[in-house]
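So the sequence shown is numbered by our numbering: it starts at 3 and just counts up by one.
Think of the hints as simulated: they come from the structure by calculation, not from any bench.
Check the hints yourself; a few may be wrong.
[Unchecked claim] When the alpha-carbon atoms are kept at most 30 Å apart in a straight line, the in silico DSSO-like pairs for lysine-lysine are as follows:
(1) Lys168 <-> Lys222
(2) Lys175 <-> Lys215
(3) Lys345 <-> Lys47
(4) Lys154 <-> Lys170
(5) Lys215 <-> Lys204
(6) Lys204 <-> Lys129
(7) Lys115 <-> Lys140
(8) Lys328 <-> Lys348
(9) Lys162 <-> Lys103
(10) Lys218 <-> Lys37
(11) Lys328 <-> Lys47
(12) Lys20 <-> Lys47
(13) Lys78 <-> Lys103
(14) Lys129 <-> Lys168
[Stated by the list, open to error] Pair by pair, the computed Cβ-Cβ distance ranges are:
(15) Thr221 <-> Arg124: 52 to 60 Å
(16) Ser203 <-> Leu120: 40 to 48 Å
(17) Ser203 <-> Met298: 49 to 57 Å
(18) Arg124 <-> Ser203: 37 to 45 Å
Note that the structure is a prediction, hence the values are computed from the model and not measured.
Cβ coordinates follow ideal geometry from the N, Cα and C atoms, glycine included.
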Amino acid sequence: MYSINPLNVLKLLEEEYKLRYQPDDAPSEADKQLKGIIKDLIDIKIARSDSPVLEVDEDLQGDLQLDGLTFDDFEKTAGDANLLNDPRVPSSQAVNLDYKKRAVDYYCNVTAKKRRSLSSVRNHFTKVRDERQLRDWKNQLAEGGSRFDKLKVIRLETAKQYFMAKQKRQVVKDMDLQRWAITANNDVDLPGFTASPYWVSKFERYYGIVDRKITKFVTKKSLEAAPQVKQSAEECVALVRSRIADHGLDCLWNTDQSGFEYEMRPGRTLEQKGVKHVEAITQSENSMTQFYTVMMTISPGIRKFHPILFITLKEEKGVFGPIVSKTMFKADNLYITASTSGKMTKKLYLE
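Let the sequences and hints guide you as you build the complete structure.
Following this line, the structure appears as structure tokens:
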């Protein structure tokens, strides 16, 4: 797998253009549009490569909010607790629909058919202020809850759908939040609720949700295999440590292969101004898109490098023909093999 460093790409582009152009104080709209196109292209290439990326604070925070959390944990990450609650009620006095129901049931005391005193109710439900509040709660319960109770139900159901979607690494857009919220409203029947863009923006602020560029696409199969891969990796680390403890660092070797194109050509050339089609000669079109691999083996011990360099060339049948085998360059420190893909395989390496 190849690696891309966008800063190196920018440096190469600067070297390419700095003799003919000078930066302006204010980039034009065309400059900004081209920058967006180039950035999208680089991001796609990086996502498909094996490029290491430094984690910034924003990325680390995102990991904390997604990995290994339950929905209750996710709910606790909400920043502004008053953002989607009744602004007339302090957060310390806010109660849910279940609390109201239990308080009203205790107050009405249906079994004894006699209402309990306010002091008795307040001993068990400390957030009750007065009997008028209890009567308001009773009326709200008859209607399925207050407006803010219903908004909270919609918010929680929408958040659950969002949480489950992100656990499955699904793409979520604002329209998905609106769809989930409208579906949740079918159960609570809040008049006039439309899941407007304003409500969506408040919902996103409440949970710290922002629009992010996708940095990597993964398959469902790879997600399902992730626990097994993690376990295998931990077992491998444990095995390596035990071998090091028994035999020392010299027993440890690490190997990896890098791909190189058969023919590398610059993307630009001098040509007469006004020419629409600029062509350049190459030995073979395939040689500019196909590659061979070089594999080095290193050790953390005294012997830093394996004395043999492994090279795998691409051959249609996976083996060298008699002419190639006879005329190919040979050296004591080279071990040259062939495969149909041009990549070193486990079978070739063991041979």
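The hints, checked one at a time:
1. In summary, the hint linking Lys168 to Lys222 is supported, as the alpha carbons are separated by about 13 Å, within the 30 Å threshold.
2. Distance restraint check for Lys175 and Lys215: the Cα-Cα separation of roughly 12 Å lies within the 30 Å cut-off, and the hinted pair is therefore satisfied.
3. Restraint check: the Cα-Cα separation between Lys345 and Lys47 comes to about 20 Å, which is no more than 30 Å; the hinted pair holds.
4. A C-alpha spacing of about 24 Å is found between Lys154 and Lys170, which places the hinted pair at or below 30 Å, so the restraint holds.
5. Taking the CA atoms of Lys215 and Lys204, the gap is near 21 Å; set against the 30 Å cutoff, the hint holds.
6. Annotation: proposed proximity of Lys204 to Lys129 holds, straight-line Cα distance about 27 Å (limit 30 Å).
7. Straight-line distance between C-alpha atoms of Lys115 and Lys140 comes to about 16 Å, which keeps the hinted pair within the 30 Å bound.
8. Between Lys328 and Lys348 the CA atoms are separated by roughly 25 Å; this keeps the pair inside 30 Å, and the hint holds.
9. Of the pairs offered as hints, the one joining Lys162 and Lys103 holds, with about 23 Å between alpha carbons and a cut-off of 30 Å not exceeded.
10. For the hint linking Lys218 to Lys37, the alpha-carbon distance of about 21 Å falls within 30 Å, and the restraint holds.
11. Under the criterion of a C-alpha separation no larger than 30 Å, the hint pairing Lys328 with Lys47 is inconsistent with the structure, at around 39 Å.
12. For the hint linking Lys20 to Lys47, the alpha-carbon distance of about 25 Å falls within 30 Å, and the restraint holds.
13. With a CA separation close to 24 Å, the supplied pair Lys78 and Lys103 stays within the 30 Å bound.
14. With a C-alpha separation of about 36 Å, the suggested pair Lys129 and Lys168 falls outside the 30 Å cut-off, and the hint is violated.
15. Distance hint check for Thr221 and Arg124: the Cβ-Cβ separation is about 57 Å, which falls inside the suggested range of 52 to 60 Å.
16. Distance hint check for Ser203 and Leu120: the Cβ-Cβ separation is about 41 Å, which falls inside the suggested range of 40 to 48 Å.
17. Remark: the range hint 49 to 57 Å for Ser203 to Met298 is upheld by a beta-carbon distance near 52 Å.
18. For Arg124 and Ser203, the Cβ-Cβ distance of about 39 Å falls inside the hinted range of 37 to 45 Å, so the restraint holds.
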